[in-house]
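J.: The residues making up each chain are set out below.
There are 4 protein chains.
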Amino acid sequence: MKYVEFDETREFDLILMGRVAVDFNPVDYFKTLAESQTYKKYVGGSPANIAVGLARLGKKAGFIARVSDDRLGEYVVDYFEKEGIDTSCIKKAENGEKIGLTFTEILSRDESSILMYRNMAADLSLSPEDVTEEYIKRGKALLISGTALSSSPSREACLKALQFAKNTNTPVIFDIDYREYSWKNKDEISIYYSIVARDSDIILGSKEEYDFTQRLIKEGLSDEETANLWEKAKIVIIKHGKKGSTAYTKDGKSYSIKPFPVEALKSFGGGDGYASAFLYSLFEGKEIPKALEFGSASASMLVSSHGCSDDMPTVTEIEEFIKIKKQEYGESVTQV
Amino acid sequence: MKYVEFDETREFDLILMGRVAVDFNPVDYFKTLAESQTYKKYVGGSPANIAVGLARLGKKAGFIARVSDDRLGEYVVDYFEKEGIDTSCIKKAENGEKIGLTFTEILSRDESSILMYRNMAADLSLSPEDVTEEYIKRGKALLISGTALSSSPSREACLKALQFAKNTNTPVIFDIDYREYSWKNKDEISIYYSIVARDSDIILGSKEEYDFTQRLIKEGLSDEETANLWEKAKIVIIKHGKKGSTAYTKDGKSYSIKPFPVEALKSFGGGDGYASAFLYSLFEGKEIPKALEFGSASASMLVSSHGCSDDMPTVTEIEEFIKIKKQEYGESVTQV
Amino acid sequence: MKYVEFDETREFDLILMGRVAVDFNPVDYFKTLAESQTYKKYVGGSPANIAVGLARLGKKAGFIARVSDDRLGEYVVDYFEKEGIDTSCIKKAENGEKIGLTFTEILSRDESSILMYRNMAADLSLSPEDVTEEYIKRGKALLISGTALSSSPSREACLKALQFAKNTNTPVIFDIDYREYSWKNKDEISIYYSIVARDSDIILGSKEEYDFTQRLIKEGLSDEETANLWEKAKIVIIKHGKKGSTAYTKDGKSYSIKPFPVEALKSFGGGDGYASAFLYSLFEGKEIPKALEFGSASASMLVSSHGCSDDMPTVTEIEEFIKIKKQEYGESVTQV
Amino acid sequence: MKYVEFDETREFDLILMGRVAVDFNPVDYFKTLAESQTYKKYVGGSPANIAVGLARLGKKAGFIARVSDDRLGEYVVDYFEKEGIDTSCIKKAENGEKIGLTFTEILSRDESSILMYRNMAADLSLSPEDVTEEYIKRGKALLISGTALSSSPSREACLKALQFAKNTNTPVIFDIDYREYSWKNKDEISIYYSIVARDSDIILGSKEEYDFTQRLIKEGLSDEETANLWEKAKIVIIKHGKKGSTAYTKDGKSYSIKPFPVEALKSFGGGDGYASAFLYSLFEGKEIPKALEFGSASASMLVSSHGCSDDMPTVTEIEEFIKIKKQEYGESVTQV
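Protein chains in written order, with this note's numbering: chain F, 1 to 336; chain G, 1 to 336; chain P, 1 to 336; chain D, 1 to 336.
The following block holds chain F by itself, in its conformation from the complex (with noise of 0.2 Å):
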């Protein structure tokens, strides 16, 4: 069954508004930042990760945001062009805003944290004037990445973004990404989060991202309950980190999935990979439990690979990494 329909005439499958940022990699990890010395440069940012992951499928992105008017936001958009999404709507940003920078620390295989350069951050500064309708409705869908709401103006950048969707029909995905820096204290958090929840077609959070959205709302609501709440989603995914994740759908049905067995080298990345995979198979019309088990395989074949955009996974990538765990571990790998 198809829960949310996307109009096939329009040329981008999905838009994303939201941050791109540039990661430092350690190469001699294992050791803490200050002992690293060298590191390898990469394009990140949570909503850049996936529409490069889409792109990596054969999917077409179009992306909305402000870089830095330098060299590592020329970096950036080049990187983009390179896998084919579209960048016409990447601005640079104007009062001298930089890309965010991420250093990751790889203490161990467990163990990783990572050290942001966000004052005054390139992504903040888009502007709701970089947002306009025509531009919204060639995307099948938009894709609003949850940081982009934490501060003005990307906020309202957003804000304007979703009425255009509504204004257009143009089905709304929440990625909560939710992301300690740049929000000024809990409540503004709740009330920006349920604002575009309650408009968006499919949800996409951990249990702490929702516990967030809902804290002015109703605070303790089991993972049914909170699936009820946003009345307007067709689909909306918990996840559990480890434990695996279940997506509820809007006919009171729901879907769990484990994580494939990795090795991992880090434990950031997977959710991108996990959004750009679950993706791609609803804009290939797959049913839920097929996407589910695509985007996990793509989460886990990022967790344990050194990048995150440039270690996105193809479809036969995909397929083969399944594939092979099944053959080792069996067919209900994943099942819970």
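Rather than coming from a laboratory, the hints here were simulated on the basis of the structure. Accuracy of the hints is not assured; some may be wrong.
Calculated Cβ distances over 12 Å to all of chain P for the following chain G residues [to be verified]: (1) Glu133; (2) Arg138; (3) Pro153; (4) Asn167; (5) Gln214; (6) Lys218; (7) Glu224; (8) Asn228; (9) Gly241; (10) Val333.
Derived lysine-lysine pairs resembling DSS-like cross-links, with alpha carbons at most 27 Å apart [unchecked claim]: (11) Lys250/F / Lys232/G; (12) Lys234/D / Lys166/P; (13) Lys82/F / Lys31/D; (14) Lys60/D / Lys137/D; (15) Lys218/D / Lys250/D.
To spell it out: a stretch of chain F is covered by chain D in this simulated footprint if at least three of its residues, at any positions, have a beta carbon under 8 Å from a beta carbon of chain D; those stretches are [unchecked claim]: (16) 32-39; (17) 67-80; (18) 99-110; (19) 115-126.
Idealized CB from N, CA, C, for every residue including glycine.
Add chains G, P and D to chain F, keeping to what the hints say.
T.: Using the frame of chain F, we list chains G, P and D on its own:
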């Protein structure tokens, strides 16, 4: 017919959110502001005026606000308390923000203008932490004044209150009260006005204010289309200045009224008299035409007086005013 | 003996830099600010008062300042022009900065306080670009008012003018005029006050103001040590409030004076009367004791009047005042 | 002849104030910054490099600075401590300021450029409260790096240290180190550079840097006129890039030197090598020509190495370098 149900067990008739200011009106008017030498000080600010108006009409108001931590802040709180308004949710600004000032220039009966002091205005420092669900549910209704949405953190304080009003089934009254200052751009205005409007039970505004609100949704709507756009609203009042105003009700009916003829002294304050007397009438269970007449009378009384808050009329004074005007101009004096 | 040489070929007697403000003094005084209802508007701000004072005494002043781009900004420029002060270097603030306001609370003859509106004050937006060497050298002397050093870019405008005064051999008068607001910490005060003081020819300040100035250099100096510390200064005036003041001159002499006995109405404005009448006397080539007497008389006249700028006396009025006071209290009325 | 007397009883040879940063230099250079994928991390920032340079030469440095409260802040403090630099006056930034980053683009041996991350830079949050007279007087000399004057509160921290240096007879070394970023306008540069320059005993800068400094005083000065302008300075060093540099001494003499011939890898870092080796020589009591030769050698060594701080040479290495170069090019290799 009662369009909005008020929970009669609640302590306050109305809780208002928004700015309290201090007005300085020239005693030696019909001159430029530069030439006027002597000024009289009044409590001002649209929602503050409405609160005083309701208090004069015997209703109990509670006010959520921030005022400056100085003698003028003390002045307005004292004034409110003397009028019987609950000030338990009025806090002092903490970072040197100052209560807004309005200097009035009255050049002639037709021409008046204002000069605002609103840099780091205390009212816009209203914070989400100042808003509690306990306080919101002590009111039969919540009035949000649009200017409080123009800037953070006051904006989020209002959006939090809006959520609490929903949580507690408290009817929301949205007085659009558009003021140019503080807003960063037109998109912001439409975004935040429409977020509040779509959850409001009663909306009051001028034709221009609705146009600002609807700019990102649909432009060029007729008054009737405007009234229909806000599906949740039970009463939508659209004002056309000296031509009068119309109340559109949920059941598809509409009621119009013209202002009472008066010799105006200044061109502002009328709207606050209108709102307070109209809302008073609703709380009293009066029918719409009676409520409009009461509102219109108070508006006319206000524009012909020197102050705003300080000249808010009592029930007897309004009734007397209506009686005299009808004697002078006939029963149909306000018929469109 | 002439301690400071003024170039008599120059067009303006004095060029002043610093704030112009608007004062609101209660007409119904001997009440709290909250209780006083009616206020009279005056041009205010220490250097503005001195400029008006000099103009009333027949001297030509030029003023470098920023005022708000509104009716109150127009008001002060108009007022200056009527007084004959050159306003060609007064510009309008460009980013919404507002002219500072001072509301006076006169509780009794001994107790008065002020409430300032100085958030984003126009005077502190004075910019280095507003200061030209051409203008500075049109003045026989340059007066820098200390509060103008409290914040950038006004601070740099003053330091630039100081350099231009050196370049053009223009004597510098430093009126310390310490006000608590705007300064970030005590170190800043000492740093910037001492930079200006050490290049000044005449310094005026209270004992406390010199202590603020010298805090990072040497604390606990006696008045005589203070006078000696500022090697370049020809005249160092140290004020001790009601106990009188002393002028220390370069040649090691000192001259003291007591205030004239008056019934004060408010506790401020005196210093500006003092400065203007003292400087007037220097420009006239009078000896220090005569100059002090003139300053002291003007000070006493000011504290017993309702306004500051508007009540600045003429030469005849000061002479008359001195004559009457000496008749009443004897020739030695101001002798220490 | 000794131009500057150092108090040999003091604990530190030099106390430095200014920025500590982190440099990321590409390992795969001769490409654009976008194309270079792998970067090596170094401690950077001009005064930090000089401090490390002095430490490598056996001198004891103390550093006054603010670094970020994160792993990169820890990294630079650790690094300093390993080099033997006193870090007791290095504090953590308190409002989320981040240590400055410099990404280097090395396109060819002649063309290199840098991309700075300096929004809310930690070094510029250095506060007057971080500076004590006790610490200043533990140093034989104080070095102020010009960029620390570009913004408050770091600016005032330097001016406070300058006053304390005067109070304690501590010679001041001013390394102009002009960087475009952070300065608001050219007037500010001249104002603050000249305040420090006129109280300095040794000034180091390029011709262009002196022009910036003197812009409001007198433009178009020759090198000799520049040297004479700064009356208090005992040694004024004016650099002309590849053409060499000249030291002007208080007694009217001057000494010039040309760089040693090397194959450069990057176009920066040389100045810091120069300053550290020149100052080392002064502390050692060497004559000016010897000090210049030592400085020039270190400069040449630095521009041909990958890092800055990490490649600072020891005394033996510099002596060896000079010996080899003289063998290769003759004794007069650096004669102008």
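J.: Mind listing which of the numbered hints don't hold for this structure, in increasing order?
T.: none
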